[in-house]
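A.B. asks: Sequence:
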Amino acid sequence: MFKLPELDQTDIQLLKILQNNADFPYKQIAKLLHKSEPVIYDRIRSLRNKGYIQSSVILLNLQKIQQMLTVYVQIKLNEHSAQALNLFQETVTNFDEVMECYHMTGNYDFKLKVVIPDMPAYNNFIRCRLSAVPNLGAVESHFVIAQHKHETAYKLG
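Heads up: the sequence shown runs through residues 1 to 157, numbered per the UniProt record's numbering.
No lab work stands behind these hints, which were simulated from the structure alone. Do not take every clue at face value.
Unchecked claim - When the alpha-carbon atoms are kept at most 25 Å apart in a straight line, the in silico SDA-like pairs for lysine to any residue are as follows:
(1) Lys111 / Gly157
(2) Lys149 / Ile17
(3) Lys111 / Met99
(4) Lys149 / Gln63
(5) Lys113 / Leu62
Unchecked claim - Across the chosen pairs, the derived CB separations fall in these ranges:
(6) Phe2 / His142: 42 to 50 Å
(7) Thr105 / Ala22: 29 to 37 Å
(8) Gln66 / Val139: 19 to 27 Å
(9) Arg45 / Asn20: 15 to 23 Å
(10) Asn107 / Ala22: 13 to 21 Å
(11) Met119 / Ser36: 49 to 57 Å
(12) Asn107 / Lys149: 21 to 29 Å
(13) Glu90 / Lys64: 49 to 57 Å
(14) Glu90 / Val139: 13 to 21 Å
We put the beta carbon where it would ideally sit given N, CA and C, even for glycine.
Kindly generate the complete structure, drawing on both the sequences and the hints.
C.D. replies: Right under this line is the structure:
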């Protein structure tokens, strides 16, 4: 559980509610937290201004849209200068297929989450896009068979 000593219980409760449903009506939040609607509105605006709330998004159910492959790709670079790391990061984060990009410790330098329609599309991604990135060393792909848990809400104090 994450502790947020600079926030009071009302702010923490607001963040908990909004993490699970960003569309939750202010009127209902006010009722739940025993506050007025204007207070809730001001608190949420303040949390946004302070950077606690980055954005509000809608999470899509990919199973309803189209069956997709999720692949975690581990990448080792040949060179590790700041310039080489930045170039790799800037290049792959512009690929539409790359949903997440992490600079990691361990045997690999980067881990990408790639979401793609099917195996031919993944083959094309690897052969035509990723392999064209300068300084690319080893590439290891891990395909998701089934997703058993996917949390988007952090447990707050």
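A.B. asks: For each hint, tell me whether it holds in the structure or not.
C.D. replies: How the hints compare with the structure:
1. A threshold of 25 Å between alpha carbons decides the hint, and for Lys111 with Gly157 the separation of about 30 Å lies outside it, so the pair is violated.
2. For the suggested pair Lys149 and Ile17, the alpha carbons sit about 20 Å apart, so the restraint of at most 25 Å is met.
3. Simply put, Lys111 and Met99 have alpha-carbon atoms about 11 Å apart, close enough for the 25 Å limit, and the pair holds.
4. Between Lys149 and Gln63 the alpha-carbon distance is near 15 Å, which keeps this suggested pair within the 25 Å criterion.
5. For the suggested pair Lys113 and Leu62, the alpha carbons sit about 15 Å apart, so the restraint of at most 25 Å is met.
6. Taking 42 to 50 Å as the suggested C-beta distance range, the pair Phe2 and His142 does not conform, at roughly 28 Å.
7. Between Thr105 and Ala22 the C-beta distance comes to about 33 Å, which sits within the given range of 29 to 37 Å.
8. Separated by about 25 Å at the C-beta atoms, Gln66 and Val139 satisfy the suggested range of 19 to 27 Å.
9. At roughly 20 Å, the beta-carbon separation of Arg45 and Asn20 lies within the given 15 to 23 Å, and the hint holds.
10. Separation of Asn107 from Ala22 is about 38 Å and departs from the stated range, judged on CB atoms against 13 to 21 Å.
11. Taken as a hint, the range 49 to 57 Å holds for the pair Met119 and Ser36, whose Cβ atoms sit roughly 55 Å apart.
12. Under the hint 21 to 29 Å, the C-beta atoms of Asn107 and Lys149, about 25 Å apart, fit the expected range.
13. The hinted range of 49 to 57 Å is not satisfied by Glu90 and Lys64, whose Cβ atoms lie roughly 33 Å apart.
14. For the pair Glu90 and Val139, the beta carbons lie near 18 Å from each other, so the given range of 13 to 21 Å is met.
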